[in-house]
Every structure is written in C-alpha cells, then in structure tokens.
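Following the hints, complete the assembly by docking chain B onto the known chain A.
There are 2 protein chains.
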Amino acid sequence: MEIVKGFPSTMQDDYQLNVINIIKHGVRNFEKQQIVCKAGDRMFRYTYLDAYRRICRLAGALKKLGVEVGDRIGVMDWNSHRNFEMYYGIPGCGAVMVLMNLRLSPPDLSYVVNHSETKLVAVDETLLPLVEAIAPLCKTVKGYIVITDKPLSEVKTALRPLYSYEELLAAAPDDYDWPHMDEKSACAACYTTGTTGRPKGVYYSHRSTYLHAMAVGANGQLAPWDCWFQLVPMFHAMGWGGPYIVTMVGAKFVLPGMYNLARLDLLAELMIQEGVTMSAGAPALLMPMLEYIRKLDRKPDLSGARLLSGATEPPLGMMKDYLALTGAEIIHAYGATETSPMTSINRLKPWLKEQMSEEERWDLRRKQGYVVTGLDVALLDPAGQEVARDGKAVGEFCIRGPWITGSYYNPEGPILQFTEDGFWRSGDAGSMDSEGYLKITDRVKDIIKSGGEWISSVDMENALMSHPAVLEATVIGVRHPKWEERPLALVVLREEARGKTGKQDLLDHLGKAFAKWQLPDEMLFVDGFAKTSVGKTDKKILRVQYEGAYTKD
Amino acid sequence: MEIVKGFPSTMQDDYQLNVINIIKHGVRNFEKQQIVCKAGDRMFRYTYLDAYRRICRLAGALKKLGVEVGDRIGVMDWNSHRNFEMYYGIPGCGAVMVLMNLRLSPPDLSYVVNHSETKLVAVDETLLPLVEAIAPLCKTVKGYIVITDKPLSEVKTALRPLYSYEELLAAAPDDYDWPHMDEKSACAACYTTGTTGRPKGVYYSHRSTYLHAMAVGANGQLAPWDCWFQLVPMFHAMGWGGPYIVTMVGAKFVLPGMYNLARLDLLAELMIQEGVTMSAGAPALLMPMLEYIRKLDRKPDLSGARLLSGATEPPLGMMKDYLALTGAEIIHAYGATETSPMTSINRLKPWLKEQMSEEERWDLRRKQGYVVTGLDVALLDPAGQEVARDGKAVGEFCIRGPWITGSYYNPEGPILQFTEDGFWRSGDAGSMDSEGYLKITDRVKDIIKSGGEWISSVDMENALMSHPAVLEATVIGVRHPKWEERPLALVVLREEARGKTGKQDLLDHLGKAFAKWQLPDEMLFVDGFAKTSVGKTDKKILRVQYEGAYTKD
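In the order they appear, the protein sequences are chains A and B.
So the first sequence is residues 1 to 553, counted in the numbering used here.
So the second sequence is residues 1 to 553, counted in the numbering used here.
For the record, the hints were derived by calculation from the structure and aren't laboratory data.
Check the hints yourself; a few may be wrong.
A pair holds if it fits inside one copy or across any two, identical chains being indistinguishable in the list.
Unchecked claim - Calculated lysine-lysine pairs in the DSS-like style (CA-CA distance at most 25 Å, straight line): (1) Lys-353 with Lys-32; (2) Lys-482 with Lys-503; (3) Lys-349 with Lys-439; (4) Lys-24 with Lys-349; (5) Lys-295 with Lys-24; (6) Lys-299 with Lys-516; (7) Lys-142 with Lys-445; (8) Lys-24 with Lys-445; (9) Lys-5 with Lys-184; (10) Lys-295 with Lys-150.
Okay, chain A solo, but in the shape it has when bound (with noise of 0.2 Å):
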C-alpha cells in the first residue's frame, strides 16, 4: 500500500494515542465513577481516582524493580480490579503487559513466556500452581508478583524472587511521570492458540488500541451512565478492550473477580445487582446466566442493555429470551485475538426496521454483523479474487486495519496468514449481503475446494440433517484427479429408516437447495465418525481416512 504524502497540515499530529492519555483523561473527567470487583462473598468498590492512585504506585514500584521501558511483564490474573490496573500501569511505564492464558497446557505457556523473553510474572495467588509448574523451563523471568491480600510471609511457594503485589504499591508514591509513549510501541500481547503449531505472539500497539477502544465505544454508543461488565476473560483478545473502553467513555466497571464455570449464576446475579447495560462474552457465559435467569420469580429489568456475544452464534432462543425475560438486547458480534478483537457487530440497520418481517428480523440477528467503520473487508475466493457480496458466494473473510495484526512476532516458520496488500486471513469463510451483513459459515480449513469454487461442507451438512431420515451427517473434501477436491458425505440414518432412505432420497433433498455441480459424488452410510474430545466431529481424522475415496481408480 504506497502512501502518499500531500500539502502540511498545522495540527498537533505528533500528539500520540497511547493508553496513559486514555486513563489521564478519564481520571480527570470521572474520577469518581465506580470500579466494582467481586471478591468472594463482597464486593470491592473504588473510583477511578483511588485506582489511577494505584496505578501509579505499580508503574512506580516496576520501575524501582529495575523494569525498563520495552520490557515484557507477564500477567496471570482473574478478571479483578488489580488486573484493571496492571492494564494501565505496565503499559503506561513503557513496558509490554503479556497476557497469560489460564486454560493453556504447560508446554504452551512456558513457550509463551519464553518466546516473550518476559521478566517479571505477576500471578494471583491461586493460580500459582499454574505458574510453579513451568517455572523452571522459564529461562527468562527474573520474579514473581504474587497478587494477595495476606502478607508474604503466609504465601505458600517456593517461586523465588517472590514481591507482594500489594506490599510494593504499599512503598511506592501515588504520582508517576508518564513517558510520552510513542503509539506504535507495544502496549500489551496476547498468544493465539491454533488447533496446529505453537501459540503465535500479537502485540498490540497503544494505538491499536486506543482505536479500538473508541471505536467499540463509538458502536455500542457508551455513555459515562453505562454500566460494563468484563465478562470475557481479560487475557483472551485483550479483554475486548474492557479496562480501555470504560474509562475512555467514563463508564461504571464491573468486574466478576475469580469465577467459577460451574457457578456461572452467580455472574448473572451480579449483572443485575449492578445494573450492568453492556457486556462482551459468548453463548458458553450467557446461556447459563441465562438459566438462572429463568428461574428468578421476578425478572430483571435490563432494558437498553446490549449484551456483547461473541464466539460462536447466538442461538436464537437465547436473543429471544433475554429480550422477553429481561428486555437486554443480545449482540453478535465477531473478532479474534488478531483484531483486538473488535471487526464485526450486528445492529439492524434502520431501514431493516421496516423492510424485514419480525422472524427475518431474528434471522439477520444470528449473522456476524458488518464490519466497523475503520477497518477494510474483502471475501475471497480460492484465486484470491473477490467475491460477490449477495449473500450466497462464499469467501474467506480477510480484513485489515488500525487495530488488525499485521504479522506475528517472531513467527516460527513462514506466516500465509496475510496477504499480498496486507489482509489478514481470518481462517474463516462465509458471505456477505447486500447490506453488508457476514455470515460466517466454516473454517476455510473444512470447506470443499472444488474446480476453483467453494463448497461449504456446514451448510450440506445442516441441509443432509433437516433430512426427517438423518441422525447425523458429516460432508469433507476429499482429493480429486480433476477437481482438486469433491465432497464425501458420511450419514448415519435413524434406526427406522436404514434400509427405506437411500443415497438418490438425500441427493434429491440436497438438491433443493444445492448446484447439481455442488451435490456429493459419494454419499456413504455408516454407523457413525470420528469425535474429538469435545465431541465435535474430526474432520481431520475423517480426511485421512478416507483420503483415498476419490482417486482410488
């Protein structure tokens, strides 16, 4: 992408977007807005004063523990108000905060750790096992912060040097001298975990960042009278941006403290006790609240909330229902680590209003939603060519922008995941709309490449199980002398129906909403396929299996 240089402006363009304005700013504008963290049975509540205060302190105490500017600090944490602040004070120091994945496998963060070259590791207490078990292969770190209230003393760990989080803001000064930081350095890292290959580094920049904050304030119009609920882990994509988007708008912060999966009620009730009006998370979080919910005698009122649901789409009855029980509007919404993570959000356009009836209305709802303004799509085809967008041509979905990643850091092996004028490829494929709306339907990994078009295997597979005769269907790609690849579908038929449903009874079916050129050349009957331990079907051991079904003869 050539940029071209024009005429001198007179403005202040060296003035540069870095999160310590994001928090200054804040502070002076709404130091007395709350910051609200659960912390076993009560509640622990300050202002955005007494936190700045303690950020301070931090930014202070990592400089007396000889932390330099561009050094990278590891952060093992919950979702409670001390993470809030490490948010701004490792970043605001110069240093890089280095997001610690609680759910990685031991070989996985140890590998982070190390390929950061992290020098510090700040980890609350209970997850300290977690850390003392790869501390070893961490050749890097030259300490521990243990985040607690009790005193060090009655810490139980052999991880060696050991600081108390508390104990060293307790010694440090209130105010601190913020570098100008330049807006291109790293302000914070997260580690995408692939199926395939090691954890791969994203350092988002300060203003990456600052632009994505702004940017989901400005499409999810926060107001300082909202009220955000960092139910998304704030090592996954940075939080969505939580700690930096509150503060940036003046927004009241709520924060679930440690939480437990099993008691996912307990969020619910907190989101209503606080009066929580906006939220990033996921159908995995919102479905059990949800249930809680449901049970409740008397429902909350949540009118003019927007729920932020990300991962996978939202089931209809769970929009449907937060909208009747609690008048909370649910959002779908798309990103990944790469994209900090802000890309897609589904709001319904205006003229939508009155153009769909109520159930296409809900349709729409369940797709990814279009792209924010700042950032750059394109859909494509195999041949790198666009697709058209109509709703049905099916591309991948590659995007590129302020607050998209650009490359990895210090990749292992060569890095596809980009192309030549510098879009990210998000691995996903689906289309887009006349109106903008993605509907992301495969990874590009699953889908079929056949004579330089698309098939999508999900969309056959979701067309085969609507079949009254099919318990379960599966369709992969598999290599072909002419086509590159065509489909297998594998179908496992009820019991009533062995023997009655035959191969032409599904084509036939398929054919109603399938391109002949598109329909499975074999179609097999089996008693059933390949699981992965989370019971999702192994596309990639079914792919080996049955490599060979096509170029046999």
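Relative to the frame of chain A, chain B by itself:
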C-alpha cells in the same frame, strides 16, 4: 514533549486514518442511508451510495482539470449536498479544501485565497458576486467551478475559465482509485478571523479530522438511527465535522441548503419534518427556531435529541423551553477553529444527578462542560502556572491533543498562541470545578491583571448590574504604576437612583462577592459608554479613553 519508543508491535500501525476510509467504509455499511438537502421549496434526497458515486466523479473531474496531490481548492458554498460531496472528493484525491467564509470582508477573503495559494474556486451561483469582487486580487486561481442547476451558458458571470460542477461530474466516471493519503497531510483548511490582524490558517490533517469525528461520535452516542442536522455553517470550523461524523456512524444527514437568517423558522420546520436527533448550532440560531416552536399549536416531539450549542453560553430559558416544549436537550459545547472544534461538552455525570438540586443542575448546564477524552487541558495563570481546579481560580484555558492545531500556516509575525509544551492558548479565561466542568468568563484581553493576579471583569460587571440602582456597568483594566493594572468601573445609574446611590454603596455591594484587593479603585458615574456596531461595550475604545486614570498624578 519527548516521545519514547518501546517494544515493537505487530499491528498495522501504518494503516492511515484518512477521510477516504471514512466514506468508503461508511458507504459499504450504510449505502441506503439518506442525505437530505433543502433546495428552495423542494427537498433533494439521495443515499450515501448516490453521494459516493458523485464524490468519485468529483475526484475524477478534478484530476482531469489538472488538480494534483497537495493543491488547494477553495469552496464557497451553503450547507448543501454538493458541499458534502466536496468534503470528501477534494481531500480524497489528495487536495486541500480551503473553506471560504462567506461572511468575510473582501480584503480578508482575497487574503485567504492568496495566502493559501488556492488553484481553483468552487462557488455556488448565488455567491458569485462575492467571488467576482475579489477575483482581480486572486493571483493563484486558475479557474472557477460554479455550482448551479442551470446550463453553464445561462450563468451570468465574467469569471474565466468557468466550469460547471454538474457538467464536470456528468463527464467523469463514477469510480475512483483513491490514493492512500498519509494521515498527517492536510485535508481541509479554515482561517480564523480575530478582531485584529489577518486571518490565520488552520490546516486540518486527515488524522485530526478522523479522530475528531470519532470523538464527537463517541461523546454524542451517535448511532445509525440518528439524524444529524448540519445547522452550523460548513465553512465554520469544518462544520463541527458533521459530514465526517455521519458517515462514520451511519446516521442520516440533513442539510438546510441556502438559508436566510431572517427566516430561521424554516430551519425549525425542517428539523421537525426530518426527525433530527443531533445537531451543532449556537444560541443565535437556536433562539429564533425556538420562537417558531413556541408558536406551534402542536409541539413537536424531539425527545432524545441532543442539540449541541456552541459560541456563547446558552440562555437558561432557552434550554428549559426546548426541553419542556419538545423534549430536546440543549448541550453546551465549546471549541474554536483551532480545535476542529470539539473541545468540551456538557453532559451530566451520573452521580451529579443525585448530588445536585434541579436548579443546581440547570446552572451546571450553562458551563462549557468537561474536556473530552483525547485532549489535555491546562488553566494557566499569567505566570504560566496551573491554577487550582476549584471552580474559582481563573486561568487561561489551554489545550493540547490530536485535533488541536500546533501552529498556523505560514503566519505573519510572531505567533504567541502556544505554550512551550505545545498547548494552544485559547485566549479564553475561566475556571474549572473539581468535576472538570469549565466555566469561561472572560477573554484574556478583557481581564484585569493586578499584581500577578487576575480579576474577572465580567463577574464584576454582573455583580454591579445585580444592584437595583444600576442600569448598566462595565469594568476595564487601567494601567497602574504599582500593580500593572487596576480595575476601573464605569456605571450608568437608573434615573431614579441618581444622586441617591453612591460609590460606597456599590463597593459594599461588590464586597459581598469580591475580596477587598479586587475591588475597583475608582468608580465613575457616566451617562453611557462606547459601544461597537453590534451593540457590545467597546472596551478597546474605553481602555484608550481612560488609560491615564491611575497614572495621571
């Protein structure tokens, strides 16, 4: 300000923030959104997509006319849909749009054209006389583009060479290969017109314009279901960024076209008809519009609307009546040409709702508001030290940030409007309360500098006029051998009070609100004092007239 480089990020930090991306993304997402312009008795309506095609045509036409990256193109137009197109088409192709203020005197206007070395001038047919008057003085202009619905042959003007906006567009293709403009390049220029000296050029960058639009969107909670009314002239401080803000968020855009200051009722009618929810204006426009609404039998429902009001403090009665009669909220905001202009906005912080009585809240609404996140603010005393943020101490309001100018383009003589650390000096003086709300009370040049302290002339005038015997009063600073300046009060007594009320009575009255050292040394009872042509007290004249009052003996 020393900028510190940290660890490198992996993000696309070179992706430019430019206005081309705003319109490209805006049209991708909201191609059906409406743009509406009043054109005489009828309404012109089209969509973002229609506008975008014409923007492409405009860029193509300019290129064909020989316009190159960096060229300056003058625009003299009403708030029209074609002006909207020029807001994108001119900077989009890499040129700088010089906004020509149609209220400027011919010498100032020709100065602007020559100073900016404007190459082409686009002018609405109705404004041809203004351009014809200065054309002989404009050395750099190579051609004129007339904006009209008529065939070019029917346009009566001697300006040559003459092009027709519509004919140029008709001959151009409706797609354009936009350059990736460097974000620090100028996209538009406005010239400030102080009371003294030549107009000074502020050249907005693509970056500053982009970030300002995001900030207005985020601080006004704008959404695709909003409707922005472009009330403020598009040649004033880049029209408060309206044309950029709407496409960024996908809002409807309503333009008043050519309007008559004597028929502001028509604007009120338009606002009601089109369902406006947001606008930027000033009391001078909002007051007559309110008059019209007052006379309506059936009051319009504008509830939820946020009408920004700049320029001067909005009268309390106006704010209350808008709310009572229409439900619209008048929001005072502050800015200047040098600040893009959004600097501060007066929104009620949620906790103040409970802490303040209704009357206190109304009083608060008259303040300039808090400085939006993204900008630094300092209130400096005459020695350049920050004053306390206690709602009392008075300082000059100085700001710094990504959408504040850092200089003037090619200025005449020394520029004293910047502090050493890069803050722009607004020339406005006032206080900031502990919640961050600004209250601007004086122009710095009208303030009285006494022994290193400042005394507000406006506050003292208001205090004097609150005495029942006083018809009119003004307070000026007069040179003093010891204290630099001391206040001198000029008082016109009401007829019935003459001979009854004396100096001591009024000093006692002032003593209730002012410290003893602040009281005027002298108070002169006069029959009247010098006024400017618009009826404001002419302090420049008065300062000359009384300059020897404290140094005579």
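Against the structure, the hints come out as follows:
{"no.": "1", "hint": "Lys-353 with Lys-32", "result": "between (39 Å within a copy, 13 Å between copies)"}
{"no.": "2", "hint": "Lys-482 with Lys-503", "result": "within (23 Å within a copy, 106 Å between copies)"}
{"no.": "3", "hint": "Lys-349 with Lys-439", "result": "within (16 Å within a copy, 39 Å between copies)"}
{"no.": "4", "hint": "Lys-24 with Lys-349", "result": "between (35 Å within a copy, 17 Å between copies)"}
{"no.": "5", "hint": "Lys-295 with Lys-24", "result": "neither (43 Å within a copy, 47 Å between copies)"}
{"no.": "6", "hint": "Lys-299 with Lys-516", "result": "neither (51 Å within a copy, 62 Å between copies)"}
{"no.": "7", "hint": "Lys-142 with Lys-445", "result": "neither (41 Å within a copy, 58 Å between copies)"}
{"no.": "8", "hint": "Lys-24 with Lys-445", "result": "neither (45 Å within a copy, 31 Å between copies)"}
{"no.": "9", "hint": "Lys-5 with Lys-184", "result": "both (19 Å within a copy, 8 Å between copies)"}
{"no.": "10", "hint": "Lys-295 with Lys-150", "result": "neither (38 Å within a copy, 69 Å between copies)"}
Checked against the numbered hints listed earlier, the structure breaks hints 5, 6, 7, 8, 10; every other hint is satisfied.
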